[in-house]
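Visitor: Here are the chains, one letter per residue:
2 protein chains.
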Amino acid sequence: MAKTPHVVILGGGFGGLFAAVALRKAPVRVTLIDKRNHHIFQPLLYQVATAALNPSDIAYPIRSVLQDHKNARVLLAEARAIDTAARKVVLDDGEVSYDYLIVATGATHSYFGKDWERLAPGLKCIEDALEIRRRVFLAYEAAERESDPAAQRAWLTFVVVGAGPTGVELSGALGEIGLQTLAQDFRRIDPGGVHVILLEGRDRVLGGFPEKLSAAAAAALGKRRVEVRTGCMVTEIDADGVTVRLGDGSTDRVAARTVLWAAGVQASPLARSLGVPLDRAGRVEVEADLSIPGHPEVFVVGDLAHRVQDGKDLPGVCQVAMQGGKHVAKLIAAEARGARAPGQGRKAFRYFDKGSMAVIGRSSAIASTMRVNISGFLAWLMWWTVHIFYLIGFRSRVLVMFSWMWSWLTFRRGARLITGDVGALPPVRDLGPDGRLVLPPGEAAVALDPDALQR
Amino acid sequence: MAKTPHVVILGGGFGGLFAAVALRKAPVRVTLIDKRNHHIFQPLLYQVATAALNPSDIAYPIRSVLQDHKNARVLLAEARAIDTAARKVVLDDGEVSYDYLIVATGATHSYFGKDWERLAPGLKCIEDALEIRRRVFLAYEAAERESDPAAQRAWLTFVVVGAGPTGVELSGALGEIGLQTLAQDFRRIDPGGVHVILLEGRDRVLGGFPEKLSAAAAAALGKRRVEVRTGCMVTEIDADGVTVRLGDGSTDRVAARTVLWAAGVQASPLARSLGVPLDRAGRVEVEADLSIPGHPEVFVVGDLAHRVQDGKDLPGVCQVAMQGGKHVAKLIAAEARGARAPGQGRKAFRYFDKGSMAVIGRSSAIASTMRVNISGFLAWLMWWTVHIFYLIGFRSRVLVMFSWMWSWLTFRRGARLITGDVGALPPVRDLGPDGRLVLPPGEAAVALDPDALQR
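If you read the protein sequences in the order shown, they are chains A and B. Just so you know, we're using numbering that gives the first Met the number 0 here: the first sequence kicks off at 0 and counts up by one. Just so you know, we're using numbering that gives the first Met the number 0 here: the second sequence kicks off at 0 and counts up by one.
Please note that a few of the clues may not be correct.
In this list, chains with the same sequence are indistinguishable; a pair is considered to hold if it fits within one copy or across any two.
Restricting the straight-line Cα-Cα distance to at most 25 Å, the calculated cross-link-like pairs of lysine to any residue (SDA-like) are [said to hold, decoys possible]:
hint, residue 1, residue 2
1, 113, 230
2, 69, 185
3, 346, 426
4, 34, 130
5, 113, 133
6, 123, 420
7, 123, 134
8, 69, 186
9, 69, 191
10, 211, 346
11, 325, 393
12, 311, 368
13, 113, 237
14, 329, 91
15, 34, 184
16, 123, 421
17, 2, 423
18, 34, 183
19, 123, 422
In case anyone wonders, no lab produced these hints; they're calculated from the structure.
Using the sequences provided together with the hints, build the complete structure.
Guide: Dropping the structure here:
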């Protein structure tokens with residue numbers, strides 16, 4: 000081993016970034032590799048998708064975060080494989096050798112082997128969020144152009160698959176967009192006619208929370224025009240809607256032009272090249288110290304690791320990743336300083352659960368901490384405070400705080416841009432000056448009330 | 000004509016939007032058609048391209064702006080042609096009839112007939128700005144990976160073509176990104192080695208301003224590592240750089256991986272379907288009241304119109320478009336109210352020039368108003384105040400004010416995200432733990448100082 004151990008970290012999410020930060024004063028060289036130049040504050044990504052926040056409010060250049068870490072450098076690159084025998088990471092266009100490796104490349108959604116990603120985008124990165132935002136706000140534009148009531152209804156129907164925190168947060172926001180944000184903005188359609196359908200395979204929303212809180216969340220969703228359908232599985236998705244199989248084996252069809260995916264977990268494929276046992280979702284079965292079997296110099300932290308504590312799987316949440324990253328950094332720092340022999344006498348990782356929260360919408364959330372389960376406005380205030388606290392940097396805190404206060408007071412969303420391709424919208428059937436629809440050639444004109452516009 | 004005249008406005012820029020707003024209380028129905036859902040505050044678009052502001056800080060949903068205008072509706076659609084004989088606008092997928100038409104579809108950059116758009120993007124919409132941001136920040140990532148000094152220099156060289164306000168503002172910001180924003184963020188390259196080359200065909204930058212101010216701007220650019228080259232024309236652009244022809248007929252070659260375009264004016268092609276005389280740039284030669292010859296019910300405002308006042312062309316700036324939009328709205332409102340017979344006795348449009356400004360960078364701008372020409376910090380404060388004042392809405396004002404203050408204090412830029420495709424970067428030639436470069440197979444390794452990282 001070289002004099003100064005080289006620690007390579009794959010992934011700049013919560014696990015990888017917190018490991019790099021915790022290694023600041025350790026006598027090591029750190030190389031953090033990510034295919035993006037920014038870290039994302041994942042818990043608020045749904046707010047970018049629903050136009051409440053800007054991408055850069057919740058995304059920070061990794062280089063900026065590690066600017067003052069003189070032992071760290073950042074490489075914009077994608078890791079393709081790990082060669083544990085040769086101790087190197089294979090990139091698209093080169094290789095990087097390591098003394099210690101921390102794999103923190105996380106997980107993405109699982110479409111259960113189906114080719115549904117294009118039809119029902121998930122929410123993992125900024126690009127995903129902007130794509131969802133584009134689809135949601137374009138749906139209203141399409142509905143406004145549409146004259147057939149059934150087709151209009153399909154544009155104003157949004158299906159969200161999966162009722163974990165992300166699915167619940169998305170659904171609540173989708174309801175509020177129609178009921179509040181867009182209420183006054185259209186002339187032909189009533190955005191308040193929005194219909195959100197939240198599909199869940201299990202028997203309740205937010206299965207990780209106590210039952211009482213699930214019920215409170217479901218009630219809060221109901222007030223936002225979200226229809227919760229539990230115990231049903233998606234069997235088909237196409238451009239016109241979703242087919243679901245219910246608990247009794249029967250099937251049902253929902254006509255919806257917008258389907259969003261918040262279900263399943265599929266670990267980063269990088270795990271496969273480690274040559275160690277994986278669980279069904281492709282996550283690495285890590286040792287007590289978060290290293291992999293047979294390779295004490297390789298660690299896996301965050302969503303990519305599978306670990307059982309007190310008989311329960313550790314959940315795929317930020318806190319587990321952050322604590323895992325810090326734990327591993329401490330182990331490596333101690334060995335680099337010579338306080339322990341490499342790989343010997345390492346402390347086991349123990350996750351300290353500070354509690355969990357989910358937000359349903361304006362003034363409504365649920366929170367479950369060690370002793371207390373609360374819902375409603377107080378939980379929402381807690382959620383608010385905790386998320387502002389965990390944001391990185393003064394700038395983001397101020398911007399998010401202001402944006403939230405502004406939205407709360409005005410019922411608006413500040414980032415309602417449609418960017419990218421507009422795509423195919425229904426043809427314009429416009430009200431001409433003589434009160435007749437001006438139609439594309441070949442279609443018959445229908446007389447309409449000329450003053451309908453001036454409602 | 001129907002009882003309530005139908006006013007169709009094409010384009011939601013300054014001209015179209017201000018016309019729609021000014022028609023709020025007129026007895027007309029207004030349909031504003033734009034291919035995007037948002038209005039852009041164009042003067043600050045370069046700040047999105049250079050990561051100082053977020054897209055939504057300077058872009059507003061047109062529907063929101065016109066939310067309370069009960070006589071107005073918004074249609075997301077692209078106009079393809081205008082049939083002045085039949086008084087209708089032809090869309091991609093339908094038609095809209097009008098009693099009055101206001102064409103405000105503006106202008107874009109002219110590449111003088113060359114196919115350079117992909118090689119040298121211009122700055123007209125949010126997508127353009129994000130593409131420029133992506134290229135600029137990726138260039139530094141590429142330079143950090145590059146080991147050949149000449150290739151590294153080409154990545155750190157930015158060429159801007161055209162030294163009008165946009166070109167100057169972009170150049171100044173590009174210099175500051177290297178000198179200030181990224182100063183501490185890289186390990187192998189010194190971002191302060193940035194080299195910006197501003198190319199201009201005329202004999203000075205900011206030709207529309209007094210000579211003294213041009214000289215002040217050029218000096219301020221020099222301090223930001225911007226090399227101003229006047230009197231030269233671009234003859235070739237490719238992926239490796241730019242070829243220019245100098246005043247004496249000789250040619251020169253600049254190796255640069257990033258070229259941005261801020262030159263030329265090309266009017267919206269929609270003008271051609273009006274069947275009236277156009278100028279060389281494709282702009283419509285409008286009558287004194289901004290209507291087109293032979294069609295008093297059709298107006299052209301903003302960058303798409305060509306009008307001479309006091310012997311000088313009206314410039315393609317926001318103020319001209321805003322004032323033109325308001326002027327036309329007043330004429331239409333008076334006729335709709337019956338105060339004048341349609342097309343009779345209309346007042347001529349007269350542009351009131353409030354002055355102009357351009358910003359070079361941190362604490363540096365120039366301003367030329369009726370009597371005063373100033374440069375430096377005071378002009379910058381003026382620029383700051385005026386732009387905050389003209390922004391639409393309380394939210395944008397607060398966010399932009401805060402972002403600017405934060406940037407001014409910290410020398411940072413808050414929106415430094417690279418989104419979209421990363422594309423091809425130089426291969427990674429990484430410093431392995433033994434102090435040797437780990438190269439892609441087939442390339443020879445070179446010994447390097449193992450502690451070079453810990454500078």
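Visitor: Each of the hints needs a verdict: does it hold here or not?
Guide: How the hints compare with the structure:
Only within a single protomer do residue 113 and residue 230 lie at most 25 Å apart by alpha-carbon distance; the minimum there is 20 Å, versus 60 Å between protomers. Taking the shortest alpha-carbon separations for residue 69 and residue 185, only the inter-copy value of 10 Å comes in at or below 25 Å, while the best intra-copy value is 54 Å. When the C-alpha separation of residue 346 and residue 426 is checked against a cutoff of 25 Å, the pair qualifies neither within a copy, at 65 Å, nor between copies, at 39 Å. In this assembly of identical chains, residue 34 and residue 130 lie within 25 Å of each other by CA distance both inside one copy and across copies; the values are 19 Å within and 18 Å between.
In this assembly of identical chains, residue 113 and residue 133 lie within 25 Å of each other by CA distance solely inside one copy; the values are 23 Å within and 32 Å between copies. In this homomeric assembly, residue 123 and residue 420 come within 25 Å of each other (Cα to Cα) both inside a single copy, at 20 Å, and across copies, at 16 Å. Taking the shortest Cα distances, residue 123 and residue 134 sit within 25 Å of each other both inside one copy (16 Å) and across copies (23 Å). Taking identical chains as interchangeable, the C-alpha atoms of residue 69 and residue 186 lie at most 25 Å apart only when they sit on different chains, with a minimum of 9 Å there against 58 Å within one chain.
For the homomeric pair residue 69 and residue 191, the shortest alpha-carbon distance between copies (18 Å) is at most 25 Å, but the shortest distance inside one copy (54 Å) is not. In the homo-oligomer, the alpha carbons of residue 211 and residue 346 never lie at most 25 Å apart, since the shortest distance is 37 Å inside one protomer and 70 Å across protomers. Taking identical chains as interchangeable, the C-alpha atoms of residue 325 and residue 393 lie at most 25 Å apart only when both belong to the same chain, with a minimum of 22 Å there against 41 Å between chains. Taking identical chains as interchangeable, the C-alpha atoms of residue 311 and residue 368 lie at most 25 Å apart only when both belong to the same chain, with a minimum of 17 Å there against 71 Å between chains.
When the C-alpha separation of residue 113 and residue 237 is checked against a cutoff of 25 Å, the pair qualifies only within one copy, where the shortest distance is 12 Å, while the shortest distance between copies is 42 Å. Taking the shortest alpha-carbon separations for residue 329 and residue 91, neither the intra-copy value of 30 Å nor the inter-copy value of 62 Å comes in at or below 25 Å. For a Cα distance limit of 25 Å, the shortest separation of residue 34 from residue 184 across copies, 17 Å, qualifies, whereas the shortest one inside one copy, 39 Å, does not. For the identical chains of this complex, residue 123 and residue 421 are neighbours both inside a copy (22 Å) and across copies (17 Å), given an alpha-carbon limit of 25 Å.
Taking the shortest alpha-carbon separations for residue 2 and residue 423, neither the intra-copy value of 60 Å nor the inter-copy value of 34 Å comes in at or below 25 Å. In this homomeric assembly, residue 34 and residue 183 come within 25 Å of each other (Cα to Cα) only across copies, at 21 Å, whereas the closest approach inside a single copy is 41 Å. For the homomeric pair residue 123 and residue 422, the shortest alpha-carbon distances inside one copy (23 Å) and between copies (20 Å) are both at most 25 Å.
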